[in-house]
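*Asks:* Each chain, letter by letter, is given below.
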Amino acid sequence: MEAVHDFIIGIGGESGEGVVLAGDILNIAAARMNIHTAGFRTFPAEARGGPSVVKIRLCQDHVYSLGDEYDILIAFNEDAYGLHGADLSATGVLLIDAETSEAILDRHPELKNKTVYAVPMDRISKKEIGDPKTKNMVAVGAAAAIFGFSRELIEKNLGERFLKRSEKVYHNNLAAFVAGYEYARDHIAKTDPFSAKEAQGDGFVVLSGNEAIALGALYAGCRFYGGYPITPASEIMEIVASEFPKVGGAMYQAEDEIASIGMVLGAAFAGVRSMTATSGPGLSLMAELIGLGCMAELPCVVVDVQRGGPSTGLPTKTEQGDLNLAITASHGDAPHAVVAAVSVRDCFEIMEYAFDVAEAYQVPVIVLTDQALGFRRADLSKTLLTERSGKPAPVPPPDLTEQARFLRYKITESGVSPRAIPGMRGAAHVVTGLEHGEDTKPAYDPPTRRAMMEKRQRKMDGIARDFASVLRFGDPNPEIGVIGWGSTGGPLREAVEIACAKGIKAGGLVPRLLYPSPNHLIKPFIESCKKVFVIEGNLTGQYAGFLRSQIPGFDPMLVTRYDGLPIQRSEILRKLEEMAG
Amino acid sequence: MNPTSATTPLKPADYKSARKPVWCPGCGDYGVLNSIFAALAQVQLDPDRLVVVSGIGCSSRMPGFIRAYGFHGAHGRAVPVAVGVKVSRPELDVLVVGGDGDAFSIGGGHLPHAARRNINLTYIVMDNEIYGLTKGQTSPTSSKGTITKASPYGSVEQPIEPISLLLAYGATFVARGFSSNVKEIAAMFERGIRHKGFSFIQVLSPCLTFNKAIGYDYFQERVAPLPESHTTDDLYGAMRYARDPQKYYLGVYYEADRPSYTDTIYSGGRRPEPEPPIETERILKRFS
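So the sequences go chain by chain: A and Z. In short: position in the first sequence from 1, add 134, done, that's this note's numbering. For the second sequence, position 202 matches number 193 in this note's numbering, and the numbering has no gaps at all.
There may be inaccurate statements among the hints.
Heads up, simulated DSSO-like pairs for lysine-lysine below, C-alpha to C-alpha not over 30 Å straight-line [what the hints assert, rightly or not]:
#1 126/Z <-> 525/A
#2 7/Z <-> 276/Z
#3 276/Z <-> 298/A
#4 544/A <-> 7/Z
#5 276/Z <-> 380/A
#6 276/Z <-> 575/A
#7 451/A <-> 126/Z
Simulated from the structure, these hints should not be mistaken for lab results.
From just these sequences and the hints, can you work out the full model?
*Replies:* Here it is as structure tokens:
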């Protein structure tokens, strides 16, 4: 039997059984073995209780999606198998608690053709360890022994995690891990091919999309965060709260989202790179002040970790439903930018990009991610962090030699005016949300209004030109094209690459800059394909609708998903195969 | 506080910008503005390190008339913007100006939090008990019975009383003045600016255009200095005078010494200079 090194593990149980921790330990072990990973955990809608599941995909090469079915399912109890058994592949492996194994096998005849390993997780934790809470560590131990995770690396990790809590907690967890490991080693006859394979390297960091946003902001020189807790974005604020003070920055928990964006604009005016992160309901509240940022021309970044809307909607589930809101963002014609992160790695990198756009063109930039991406975990190269100093660059003082007085809203060809921040000599000025002349003085006369509207709008051409960022996958001369954005980008890439390997001339296009639209890069792709479809996680096809308004005559087919779950690569692949006929 | 680096002391007129106020004749805000000039000159604040923040309303046009950095923002959001300036650049001096609708109606949700966190800024509210910019509707401080186009049968609502609210919110400097008493309010502003923490100053500032009934005579008949027996550490006494049904007592109601937000989160009240480097090694360990 040939060993298979790329596989997907699912772990299911009741929340409180340590499902997430078990997943974390296996994920970190894989990262330390230099195996690329993608992981995901669901969490129940309520603060406590309910079923919990984590997914980890291991791959020798870069991973762009969570893949499809589980190759291995670790079920802490019968309910977990009931909930997730259907997602176990036909050749999959089930690892269960010995106490429930007979009942599960009796009731689920489909398991007769699958590999089932029974380990007495419950009994070992209770009888041998005397701590029922260590059941998850018995399971981790068994999984490590069966599927080739490094015992040594996990034992070291347990020390790092538990010794700071107490000697006893560490001892119990370690003993449970070892007992599970040795039980499986001595009693389980391995018949499956799945085996983690250690590679060369100095390991990865493993981050969730939300953590990557927070660290991306830190390394982009952001030093002020004003925010209000909201699922599924709060994790960003939590990482920021622990990291920003260490470099002299601040996380300020505001009284609401309107205050959050107000503070961010205040800090932006003061010359500090500043941001907030929220989800749909918060972005709705921020709309007016984002418009103030457009009018007063203040650079700042607003992250929207999208969830199912409208209203409270699906707070713990994913959707790409805020695009229309992000693009319109305010009353009036309000020039700003919307970018979308396509992966966990991109969550890190997009923050620097977003701040650069914001600062170069003095506009608010909205960064779209979503719950699925925010909670997805993946490996990132350590060099992403080590190659950056993350030191904020000071705002350069304006050149005051050429003009008698400083004109904060000077009309220029690019639309970008000189900027000054408090403390700079000879440049004191009043930014305002009122229409104004070059000298910031309120002005409502038609010629000034026209000139200022056009000046601000010109910045959009510059952004689309200077900051166009579009990812292209698959066949360079595709017949079938698929366009997606944000978190759909990963599954889209893999689906396109699998389709190409099957001989389908498929190409994928995933813009990171959504608005202003880099049409000069999108149009040639559309024109080069015989058929194009747009895939996105909302009901009405918001991006497809936007592209229709941007590219005359473009009328794509639409594949949408709006059930709270992320789009999978299998759905995209199926559509590509169907279209290839 | 940032003293000016000017070689000769700045005079009140030196804080005037080139722009002329746009208020109606007789507006109380003229007196407030002149008293702000006087207070700034008294403290000798550096205009280049002063940020004046406002929301929307007649009085919120004020930043344009002061020589300093200014932020004329959105209705009700002056305080959050000011907090953003102060927390991100704690070395700057921050003055917030605006009206009663801006402060207590649309912006009312922000006051408790800036006050309880003791953000080191000075908030001057020009209270004319009316919405002026929208041409006369009742505000949260309008008296019961106020007749406007939007309350043609007379307002049926109980007004709020700002001083007692701010005392309850935990503001560490709370005062009330009257726009005609320019010297008194200038001294109040000076104390507010010098105070280390959240300073709130309500100035009764009549609107002769849209709230004629609540004009100078109305206030003259009802204002009185806080009794000399009142001390500024007496919170409950301050509450009682603030809620007096007959009188608008003028003066400093309350003053407390409590570390400000930025003095608490930043050592020495300043962001570290130079900034400490990011501890990349620790972060790598934290996430691997």
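*Asks:* Given the hinted pair residue 451/A and residue 126/Z, is their Cα-Cα distance within 30 Å?
*Replies:* violated, 46 Å
*Asks:* For the pair supplied as a hint, residue 544/A and residue 7/Z, confirm whether the alpha-carbon distance does not exceed 30 Å.
*Replies:* Distance of about 23 Å is within 30 Å: holds.
*Asks:* Check whether the Cα positions of residue 126/Z and residue 525/A lie no farther apart than 30 Å.
*Replies:* violated, 49 Å
*Asks:* Run the distance test for residue 276/Z versus residue 380/A: straight-line Cα separation, threshold 30 Å.
*Replies:* Holds - the C-alpha atoms of residue 380/A and residue 276/Z are around 16 Å apart, at most 30 Å.
*Asks:* Between residue 7/Z and residue 276/Z, does the CA-CA distance stay at or below 30 Å?
*Replies:* violated, 55 Å
*Asks:* Next pair to validate is residue 276/Z with residue 298/A; report whether the Cα-Cα distance is within 30 Å.
*Replies:* Measuring from Cα to Cα gives roughly 15 Å; hence the hint holds.
*Asks:* Run the distance test for residue 276/Z versus residue 575/A: straight-line Cα separation, threshold 30 Å.
*Replies:* Given pair residue 276/Z, residue 575/A is violated - Cα atoms ~52 Å apart, limit 30 Å.
Violated hints for the displayed structure, listed by number in ascending order: 1, 2, 6, 7.
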